[in-house]
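Undergrad: Each chain, letter by letter, is given below.
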Amino acid sequence: MSDPVALELREQFATPEQQRETASAGMWIFLMTEVLMFGALFSAYTVYRILHPQGFALGSSEMDILLGSINTAILLTTSLMMAFAESNAQEGNERWLAICLIAVMLLGAVFLYVKFSEYIEHYHEHKAPGFWFEDSSPYANNVQLFFVFYFIMTGLHAVHMIIGIGIMAFLLFRTWVGSFSAQYHTPIVIGGLYWHFVDIVWIFLYAIFYLPGLHR
Amino acid sequence: MIEAVPVEVEKNYLTEKQGVLSWFLTTDHKRIAILYTVAVTALFFLGGFFALMMRLELLSPRNWLVSAETYNKLFTMHGIIMVWFFLIPSIPNTLGNFVMPMALGAKDLAFPKLNLLSWYVFMFAAAVTVYALFRGGVDTGWTFYTPFSTSYSTTYVVAAAVGIFISGFSSILTGLNFIATTHKMRAPGLTWYRLPIFVWSMYATSLILVLATPVLAITLLMVAVERIFQVGIFDPALGGDPVLFQHMFWFYSHPAVYIMVLPAMAVVSEIIPAFARKPLFGYKAVAWSSIAIATLGFLVWGHHMFTAGTSVYSAMVFSFLSYCIAVPSAIKVFNWAATIYKGSISWDTPMLYAIGFVGLFTIGGMTGLFLAALGFDVHVQDTYFVVAHFHYIMVGGTVMAFLGGVHYWWPKISGKMYPEGLARVCAIVVFLGFNLTFFPQFVLGYLGMPRRYAAYPEEFQFLHILSTAGATILGVGYVAPLLYLLWAWKYAKPATSNPWRATGLEWKTPSPPPAHNFESTPVVNTRPYDYEAMKEELDLV
Amino acid sequence: MIPSFRLFPDSASTVSGEVNGFFICMLILCSLMAIGIAALIIYSCLRYHRAHERAIGDQRRYNVPLEVTWTVVPFVLFVGMFVWGARMYFDIERPPDNAISMYVVGKQWMWKIQHPEGQREINTLHIPIGQPVKLTMTSEDVIHSFFVPAFRTKQDVLPGRYTTTWFEASKAGKYHLFCAEYCGTKHSGMIGWIYAMPRKDYQTWLTQGAAEGSMASMGEKYFHQFGCANCHHFNNQGRCPDLRNLYMRPVQISTGETIIADDNYLRESIYDPNAKIVYGFHANIMPNFTGVIQPEQVAEIIAYIKALGPQPGAQEPSNPGTAPSTYGAQKGLAGPGATSISGSEVQER
Amino acid sequence: MTAPRLSRRTYVFAYLALLALTLITTLIAYLNLGVWSTVIAIGIATVMASIVAGIMMHALYESLLIRIIVSGGIIWFFFMITLTLGDYISRGWLPVPGK
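As they're listed, the protein sequences go chains A, B, C and D.
Counting in the working numbering, the first sequence runs from 1446 upward without gaps.
Counting in the working numbering, the second sequence runs from 33 upward without gaps.
Counting in the working numbering, the third sequence runs from 245 upward without gaps.
Counting in the working numbering, the fourth sequence runs from 1406 upward without gaps.
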């Protein structure tokens, strides 16, 4: 029973292989629910963008494309770090695994910092929807609608990021107490899947909110 | 073999551990199923109480019992409780949880801790919703149509929406668990075409749970945001479109009716072969029709919106797709009937419920054909015709199957039999009471009685009185099983491991089963419902 | 003791007969199928009742030809139902050209109806029989639904835009008008009566009702009162588009799209003028009249704009907006000047 | 079947491709291509997402089951968006207000 894999094998499974594949399938199924969750918002956003093209173009022009691009690059880098974390885990290299996880967390925090500074900027410009929203353009209502979707979608993404950082902290803790080895590191793979997925969501958010903003 | 197995095993899942904590911290799918059963039964009677109040109010064309405001809250609460806190979790989380791992020959679900978490999430969601209801209630109807729900209602909409939002996570966790379990936890030799239809249907249900629920969650989130901040997501004065809400809501809620009825079909597809001692006719067609229903179910939501101001052309597409989904449902009905033909039919209680299900589902499904016809739907949309149609599917279908399933697996769950004679009488009472309640509503609907009316023109009164009379009978039919099953849990005679001589893997383990279901992992080398091959084992001729 | 118990509702419009026919055909077909299935099950239950405790049934598992039959035959039947239902739907949804146009505003919890001659009614609607009536409807608050069981028509009434329904009463009488979409506390009180009367009686009724003036003339009054006339000149010289011959004509807007100037577009242009600017004109010229002009007044202004265009009922072969086919043909005509191509006279009163 | 293993080189190549695509899509955003701007932006985003899913999440190397799950999620999203947009796009084809 000294085999770490056997220690981690749950009673309902027959083999570690079965357990690993089940966990991975479970995570992918969960991610598909996320696809539909963000998908619903994408659909609603698309409908309104077709209904109110001018207002949405105006709203989009308030975005800072530079900050958006930087944030995209940061998230892509975290994905690379996450992939390296997995490679290190497979090789049983716990020290580098921990370093990669820390890098993911730090870069994730930088992303959130940039994101929240953008939020504060929008708030100061009275672009946060609700009773403090102000817009002098003839399309004020539609601009507000754009910002509603902007805040809900990027906000939901930010919530996912915060959860992701929490997961990374948990994985780091388990790395630190020595739970993982070259044989058993499924949680790293599962956590990585989640992280990469949040990255994918951002790629689309970047495309629909930031990129159309340069031309009205 | 049946006589040979001694009834008392040293430890079963009920006696393995003792104490309250052993229940609230259990990860055993069977115990979680029982936790769920207790919860949904309580919620069912809560929702049923609201229904009874409504039926009493409708005895008179005027508001004689409750005010219009209270009546509106009653039907909203009835809908919310019944849809999200009874019908959706009813069969999957109770019977599905209990039976599915055993039907697969597995020790447990793939993720037992998630399963327990799902129960806690469900209970929390139920608590939030019940809090909203008792704090003052909600009067939007279970459909939460905007802009009424976002800007005009003065009731506890956000709290109710939050409750439903949370319950969605419970649904997702269950669905995810079932899908992973079906793929990865099957016993050796148990290939896809050797699975009982119960598993196929549960799998199809889980697909819908996983793919539809997040859309509801996000829709309700948007309603809550709109209601709190008044930012125009669905408010036309600010550029929003109330019809978009309907699209998003029905993208979930139409598939959701298949979440409710597919498990019922699953149960019936087990009961009929067991009590006809015959393989399910057209096994592959029935199996794939479940998947077809789960898929097509996502493509037909627009038929709730034929008069809502959507495009005529999109309505035509939705109407056509709605007819397409009637095909797999029809296939199932024909196959059940063909299974009964030339069987060795027993008239035990589960079979009575199953046959009742087939009859009522047929009527419910066929009236669906009326509703899918564009020109006809214009007349009956939002009338009692629709109310009757979906109650035939939801109550005549799902609740009948649920009761049938509870009786069928009762010996396995409790280790005791139930009073057969009384149970048969109750099954017949439920069937008759149901028809008396809801058949007059088809007539009412065609006459033009709109739904959600607290008061109504006098010419509809006669049919409403019939309906209320039926509801009273139905109420008795529902309370009685609760009482005699509770009695049976303690006092009835013990059950053997396979009292029905059925073929499923769950019947190869003692009643009640041990904590990890099987003494040793079963190996499967026969097709499902193979009475011929199991003749010896089941002591049949 | 049984108060007016019946199984069939009144059938009083030109479409109700076909809807009844469909219902009866479906009822017969479905009853036959249901009775067939029930008979098979009941027969089997009795005939094959388990003879003894250990008996098993016939072990047949499938029969491919049979299964294919009961898949294909229902599908064919269903397609037939779909086609019939869809044809009826087109009849119910598309008003004939010669329909009288009335405007309906729903609000919690009443129906307000305007006749073209200017009469206003609340929760009642008087209509002539043998004459199609088109209702253009909107809501002041939540979604309502205009439902007349005797006519077999129903249409949701939405806030923020117009929806349309129509009917032609075929039998004089008094019929229920219901709100079918749940709309709040007094939803069940939002009911009224439709009085279908012979044309002569209807004319009498019209003369009895004290109307200030026809909808179009009221609209003209408002057109001046709200200052619309200051910019919308009838000579193509103003800062705002010429409104002559605009109704149901194609208009090119600033995004390059061409749209039909229907009731919804005119309504939107009053409440949200910048949403669709006519090509060649500027945004921010016209004030937003939300909350200033009431929905009923908007309907009257639209009636006025309509009166500026081709006369109602005038047989113009190129009149767009009556059928999808001519709509396509009209697209080619569209251009910045599309609003002033016609030479027909401006109506002066 | 064991867990898919990809070399660090593969990851780095994927990462560089992603960065390059980010740069390209940002630069294209500066051109005014009308409707095409959005189409191209979504197109490039889809390519980037496929790289992340296929390589970083190694969906390309996973079992058939995983690939079915992924395609299921995407197909269902298309169900939703196509049928919803179908309504909005075809409104007004029948030139009757509100149809």
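Derived from the structure by calculation, the hints contain no laboratory data.
Take these hints with a grain of salt, some might be off.
Stated by the list, open to error - The calculated label-pair distances, taken between Cβ atoms and stated as ranges, are:
#1 C:G433 to B:Q262: 40 to 50 angstroms
#2 D:L1469 to C:G433: 52 to 62 angstroms
#3 D:S1468 to B:V457: 46 to 56 angstroms
#4 C:I279 to B:W521: 32 to 42 angstroms
Quick reminder that beta carbons are idealized off the backbone N, C-alpha and C, glycines included.
Undergrad: The structure should be examined with respect to each hint, and the outcome stated for every one.
TA: For each hint, the structure was consulted:
no., hint, result
1, C:G433 to B:Q262: 40 to 50 angstroms, "27 angstroms, violated"
2, D:L1469 to C:G433: 52 to 62 angstroms, "60 angstroms, holds"
3, D:S1468 to B:V457: 46 to 56 angstroms, "52 angstroms, holds"
4, C:I279 to B:W521: 32 to 42 angstroms, "40 angstroms, holds"
Of the numbered hints given earlier, the model fails hint 1 alone.
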